[in-house]
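Peer 1: Chain B: place on chain A using the hints.
As given, the protein sequences belong to chains A and B, one line each in that order.
Once you know that position 94 of the first sequence is 94 in our numbering, the rest is easy, because the numbers rise by one and skip nothing.
Once you know that position 81 of the second sequence is 193 in our numbering, the rest is easy, because the numbers rise by one and skip nothing.
Worth flagging that the hints you see were computed from the coordinates, not collected in a lab.
Since the structure is predicted, the reported quantities are computational estimates derived from the model, not experimental observations.
Accuracy of the hints is not assured; some may be wrong.
[What the hints assert, rightly or not] Under the rule of at most 25 Å between Cα atoms (straight-line distance), these lysine to any residue pairs were calculated in the SDA-like manner:
{"id": "1", "chain 1": "A", "residue 1": "Lys83", "chain 2": "B", "residue 2": "Gln218"}
{"id": "2", "chain 1": "B", "residue 1": "Lys181", "chain 2": "B", "residue 2": "Val224"}
{"id": "3", "chain 1": "A", "residue 1": "Lys42", "chain 2": "B", "residue 2": "Gly120"}
{"id": "4", "chain 1": "A", "residue 1": "Lys42", "chain 2": "B", "residue 2": "Gly128"}
{"id": "5", "chain 1": "A", "residue 1": "Lys42", "chain 2": "A", "residue 2": "Asn28"}
{"id": "6", "chain 1": "B", "residue 1": "Lys181", "chain 2": "A", "residue 2": "Ala99"}
{"id": "7", "chain 1": "A", "residue 1": "Lys42", "chain 2": "B", "residue 2": "Pro226"}
{"id": "8", "chain 1": "A", "residue 1": "Lys42", "chain 2": "B", "residue 2": "Ser140"}
{"id": "9", "chain 1": "A", "residue 1": "Lys57", "chain 2": "B", "residue 2": "Asp208"}
{"id": "10", "chain 1": "A", "residue 1": "Lys42", "chain 2": "B", "residue 2": "Leu132"}
{"id": "11", "chain 1": "A", "residue 1": "Lys57", "chain 2": "B", "residue 2": "Ser140"}
{"id": "12", "chain 1": "B", "residue 1": "Lys161", "chain 2": "A", "residue 2": "Asn28"}
{"id": "13", "chain 1": "B", "residue 1": "Lys161", "chain 2": "A", "residue 2": "Glu44"}
{"id": "14", "chain 1": "A", "residue 1": "Lys83", "chain 2": "A", "residue 2": "Thr13"}
{"id": "15", "chain 1": "A", "residue 1": "Lys57", "chain 2": "B", "residue 2": "Gln210"}
{"id": "16", "chain 1": "B", "residue 1": "Lys225", "chain 2": "B", "residue 2": "Pro152"}
[What the hints assert, rightly or not] Label pairs and their calculated CB-CB ranges:
{"id": "17", "chain 1": "A", "residue 1": "Ser81", "chain 2": "B", "residue 2": "Ala113", "range": "27 to 33 Å"}
{"id": "18", "chain 1": "A", "residue 1": "Lys83", "chain 2": "B", "residue 2": "Asn153", "range": "32 to 38 Å"}
{"id": "19", "chain 1": "A", "residue 1": "Thr112", "chain 2": "B", "residue 2": "Ser140", "range": "37 to 43 Å"}
{"id": "20", "chain 1": "A", "residue 1": "Ile60", "chain 2": "B", "residue 2": "Asp208", "range": "14 to 20 Å"}
Note that the Cβ used here is the ideal one computed from N, Cα and C, for glycine as well.
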Amino acid sequence: EPEVTQTPSHQVTQMGQEVILRCVPISNHLYFYWYRQILGQKVEFLVSFYNNEISEKSEIFDDQFSVERPDGSNFTLKIRSTKLEDSAMYFCASRLAGAEQYFGPGTRLTVT
Amino acid sequence: AQSVTQLGSHVSVSEGALVLLRCNYSSSVPPYLFWYVQYPNQGLQLLLKYTTGATLVKGINGFEAEFKKSETSFHLTKPSAHMSDAAEYFCAVSEDNQGGKLIFGQGTELSVKP
Chain A
1 EPEVTQTPSH
11 QVTQMGQEVI
21 LRCVPISNHL
31 YFYWYRQILG
41 QKVEFLVSFY
51 NNEISEKSEI
61 FDDQFSVERP
71 DGSNFTLKIR
81 STKLEDSAMY
91 FCASRLAGAE
101 QYFGPGTRLT
111 VT
Chain B
113 AQSVTQLGSH
123 VSVSEGALVL
133 LRCNYSSSVP
143 PYLFWYVQYP
153 NQGLQLLLKY
163 TTGATLVKGI
173 NGFEAEFKKS
183 ETSFHLTKPS
193 AHMSDAAEYF
203 CAVSEDNQGG
213 KLIFGQGTEL
223 SVKP
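Isolated chain A (complex conformation):
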């Protein structure tokens, strides 16, 4: 069964460093998402992406964040200058039109 994959599973970085989180959505899916879950809190929407552009972004998704679909298969989330409060589990998801979202296993980002 097709699945969403994410790499790495765990990323440790120092405050101020840039990180790139990678996702490979299900191959025929058209809509892509990033969510995050700070430890002990609810899953929060970050950004949606369709037709090679951002459809919607949350207040969390400020200028330090960017997304890209560089090669038709990968979907990346970049954080330019990480802060301690960026420590969280980041989930990628994808879907077809009108269908449910399929989530990846997540990347745990730890900022020290």
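Peer 2: Below, chain B alone, put in the same frame as chain A:
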């Protein structure tokens, strides 16, 4: 704006007992509603969804949920709990009623006692 409230951050049941996880939502449009399950150190797996049509929806692993518009509820039930059901359960509403941007509840951790 849409929102989701899950009553009870932690629910504990005995093996074989009824599982009831509560979810209430608010939405200005006919909602798409979802239940996801998260096992330890894993991603979110779809249990079931309501879009339109039949208000009682069946999902994987014997779970089902009933959409009650008058009560703005979408509670998740399973007649008989298994040890393997122990996990975190998230209720979510799709804000654009197309399956897009999901608004999640805070999650309910289900424990199953032998």
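Peer 1: Output the numbers, in ascending order, of every earlier hint that fails for this structure.
Peer 2: Result: hints 2, 4, 5, 7 and 18 break, sorted rising.
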